[in-house]
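Trainee: Protein chains in written order, with this note's numbering: chain P, 377 to 473; chain A, 2 to 308; chain C, 1231 to 1622.
Computed beta-carbon distance windows for the label pairs: (1) A:Trp237 <-> C:Pro1387: 51 to 59 Å; (2) A:Asn6 <-> C:Pro1259: 51 to 59 Å; (3) A:Leu168 <-> C:Asn1434: 50 to 58 Å; (4) C:Asn1434 <-> P:Ile422: 40 to 48 Å; (5) C:Val1620 <-> A:Gly130: 49 to 57 Å; (6) C:Glu1467 <-> P:Lys387: 20 to 28 Å; (7) C:Asp1433 <-> A:Glu128: 26 to 34 Å; (8) A:Glu128 <-> P:Val469: 53 to 61 Å; (9) C:Pro1387 <-> P:Val469: 49 to 57 Å.
Hint data in this document are derived by calculation from the structure and do not stem from the laboratory. All residues carry an ideal CB built from backbone N, CA and C; glycine is no exception.
What follows is each chain in one-letter form.
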Amino acid sequence: MAKSELELSWKDLEVGCVVSEPGNASQYRTGDWRSVRPVWDTEKCIQCGVCYIFCPDMAIKKTEDGYFEADLYYCKGCGICAQECITGCITMVEEEE
Amino acid sequence: MERFNVYASRLITKKEYFSPGHRACQGCAEALAVRLVAKALGQNVIVSSATGCMEIVSSPLPFTNWRVPWIHVAFENTSAVASGVEGGTKALIRKGKLPDKGTVFLGMGGDGATTDIGLQSLSGAFERGHNFLYVCYDNEAYMNTGIQRSSSTPFGAATTTSPAGKLKPGQVTWKKNMGEIAVAHNIPYVATACSSYPFDLIEKVKKAARIHGPAYIHILSVCPTGWRVPPNKAIWIGRLAVETGVFPLYEVENGKYRITVDVPELKPVLDYLKPQGRFRHLTPELVDQIQERVTREYNQLKAKATL
Amino acid sequence: MGERVGIEVSLAAAEAVKMANVDVVAAYPITPQTHIVEHLSELVADGELDAEFIPVESEHSAMSVCCGSSAVGARTFTCTSSQGLALMNEIVFIAPAMRLPIVMILANRSLSGPLSIWNDHTDVMSVRDCGWIQFFTENGQEAFDHVMFSFRVAEDPAVSLPIMMNMDGFVLTHVIEPIEFWDQETVKQYLPDFEPVNRLHPDNPVTMGAFGLLGIFTEAKMAQDQALLNSKAVILEAWKDMGDLVGRYYKPVETYHVEGAETVFLSMGSVGETVSLAVDQLRAQGKPVGQVKLRLWRPFPFEEFREAVRGVKQMIVIDRAITYGGVGGPVASEIRSFLYLEENMPTITNFLCGLAGRDVTVEDYMAMFEKTEQMVKGKVRQEDYIIYGVRE
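Okay, chain P solo, but in the shape it has when bound (with noise of 0.2 Å):
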């Protein structure tokens, strides 16, 4: 877990400030600016990928049974999904507390 810029002295900064572990702005956590948070309806989903394809957080992700549901880590509950959604089988939910 790479440490956020304020940890840093000048002596951890790689030469020229590079950044050399890919993708690693991975940690932030996208996910805590929601405020509502998409559901899927199995019975109507036909694991077409729509969602998938669509999602600019790249914050869905298949279930073991081949269905998709948000990676709550990043989903930002911008609704896309829900609007896409081929069946209309997304709900987006307010997040509670």
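Fit chains A and C to the supplied structure of chain P, relying on the hints for placement.
Mentor: Showing chains A and C alone in chain P's frame:
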């Protein structure tokens, strides 16, 4: 939805070369476009990026969302940096210092970075014939700095530097046609794309990557924040841009035009303009002006495509 | 040893770049740098130099192309002057922050306006703070030798910084001088292949040019400053090794007749040779005069400079650039600032001369010496700077 097999999504690679955890707004269709381009190109690519939304959301030191080699230098010089990446690699391969892996050289920038401040370096790179692909992510304004107008902002759109006021109806000039500018440079491949049509976009990127010489793809990237649409409508609005003829999807291979997503009967532009807050001040007269222009330009494009 | 040739210095510099086996040359024409780039393009066209010659559409793109090619590990070269440097200014500050070892020859020329193609130091002085290693050459032999030096120092993994080699435009670039070329074997011994510290390559994906939030920017700048300061050791070793190979030893501060000198001229670049003649004449008159030639500008050679001016009572600083409304020419203001903390700081007079190629003769330097003597004797408060020779 495109007239593709509904299950086409399953044919696209599951790997993500642009990692999650980026800081783009909710519903950012530009981030989606970047994701799709990254999927189309895979690992064997070197990306040169301009300053802009996609650069800022993906590279806050000491973090990066990039799983492929990526360099950002400044705002207007993406094409020059990409020229150096391509030229340097070419020299090293020729002199036997690096093996030839057929790496794709990608330059990416927003509309401001491409059609305004970066036009010179792009034109230079086209003229010199570098073997690179330039992708313009067009969200139709300088979004990263707070929604200021660019030469890609469409007529009538309200931005902070082209606001709709008592005297002015938003942007008073018409969108610069970057596709035509690229075609005028006689480069082998030019295309337009939109993240609402992911498979069309991916096919075009893969085709462009195989071209030897400069290639240019202009991607309409819906920005819910700047266009004032709800985030969940980003894909829907992009689709309307194509279905109304405002942003036709076509490609030009060695001067030969082909419309890749055919729209036999264009929807009225009002369908596209009405849901967007940036157009809410438009009078019927202004909408008519826009409609006239869109229809005329679409017919011109169709005529070129049937030559 | 290589052959000794009478050759225009620009062409010799280009030949040196060829011998260094550069991979990429990206440049835009501007007087008086053009002869260097033209000759390089001829060498590429004839197959004598295997490099990508990228004729860019502006200097801003020249430096940008250099950033891209250096980032993939290609040995990279460019040159410019004056307005070209001003145009690429944005990227000139970025390259050292990204630690890209680009070599640039700056054919010193005056900055507009009014437009002038002639030689002075306003261009290099406008980028004092850019973070490049910066040094000056005085004659053709130095110019040739220092091309090899530049690649060696810049690309050293302990340094990895871009380097700016200054040659006075026209005055040095366009003159024909006898220059001893190195042979290729000597170049091979002196200059290793370029192995970049970081390289853009799909096998090992890195991100270059991430943006800096307020929490990290200061640390990034500290790291960059330390890198420039630490390059001094590599610079000194590169000069020593060069001396061992070709017999010419260069130093950060060169001195001429400073033994027992009470008054010392400070010069940079090609005027040094004329100043030396003035020193000779003044010494012949029995005046205890000497000369200090500042070769290394960044990182500033603190120890060597302090040593060179020990015991000096008056310093005449020649500036070839103007700082409007400020405390003196750029060089004088730095020297005054450095010496402020020393014991027995000498009096410093500052003459701005030779602007846009105006000739400064031996007699002029002797007049500057007279003026200094008067000011010191008369205990007249020195003016911060004097624009020498302006017609009233």
